[in-house]
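*Asks:* Build out the structure end to end from the sequences listed, making use of the hints.
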Amino acid sequence: MFNMKASISSIHNRRLLQQEFSETSDISRRRAPSPASRVVVMKKGLDPSTISALPLVSYKRSAKQGNIEDCIICLSEFEEGEMVKLIPKCKHVFHNYCIDTWLESHVSCPLCRSTAEDGDTSQEVVGSNEIRR
0 MFNMKASISS
10 IHNRRLLQQE
20 FSETSDISRR
30 RAPSPASRVV
40 VMKKGLDPST
50 ISALPLVSYK
60 RSAKQGNIED
70 CIICLSEFEE
80 GEMVKLIPKC
90 KHVFHNYCID
100 TWLESHVSCP
110 LCRSTAEDGD
120 TSQEVVGSNE
130 IRR
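Residue numbers for the sequence shown follow numbering that gives the first Met the number 0, beginning at 0 and rising by one.
No wet-lab data here; the hints were simulated from the structure. No experiment lies behind these values; they were computed from the predicted model shown. Hints are not guaranteed to be accurate.
[Said to hold, decoys possible] Only pairs whose alpha carbons sit at most 30 Å apart, straight line, appear in this in silico DSS-like list of lysine-lysine: (1) LYS59 x LYS90; (2) LYS59 x LYS88; (3) LYS90 x LYS43; (4) LYS43 x LYS88.
[Unchecked claim] Just the calculated beta-carbon pair ranges, DEER-fashion: (5) GLU79 x SER48: 56 to 66 Å; (6) GLU19 x CYS111: 56 to 66 Å; (7) ARG14 x HIS105: 23 to 33 Å; (8) SER48 x GLN17: 49 to 59 Å; (9) GLU76 x LEU55: 15 to 25 Å; (10) PRO47 x SER75: 17 to 27 Å; (11) ILE10 x LYS43: 45 to 55 Å.
Each residue gets a CB set at the ideal place from its N, CA and C atoms; glycine is no exception.
*Replies:* Rendered as structure tokens:
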């Protein structure tokens, strides 16, 4: 008989908790903002106009060795006279497609992390002695 009373009490308590939870959930659902109002748009990379404003320059390898001769994004070697994109602030260069793709989701140089949108955007010929490591 005691077990039966305990079981009935347990069932009653469970139903009360379920009812209370259901009422609380209904209230919180009514108060919660709509999913559209909770969306936060985070800007991850640079805008396309800033990316396209970065200068394209002709890569020129100098006689000095030990400087950057590869695109660190794709790891391919630059060709003499190849048009590469320059990040003016740090003077690092990359293949146009490689750095454009990178900057769609990042705002900094992939090599030194300096901001990619600052600096002079005038066109120049870049020799490896002008490129920073």
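*Asks:* Against the earlier hints, flag every one the structure doesn't satisfy and list their numbers going up.
*Replies:* 5, 7
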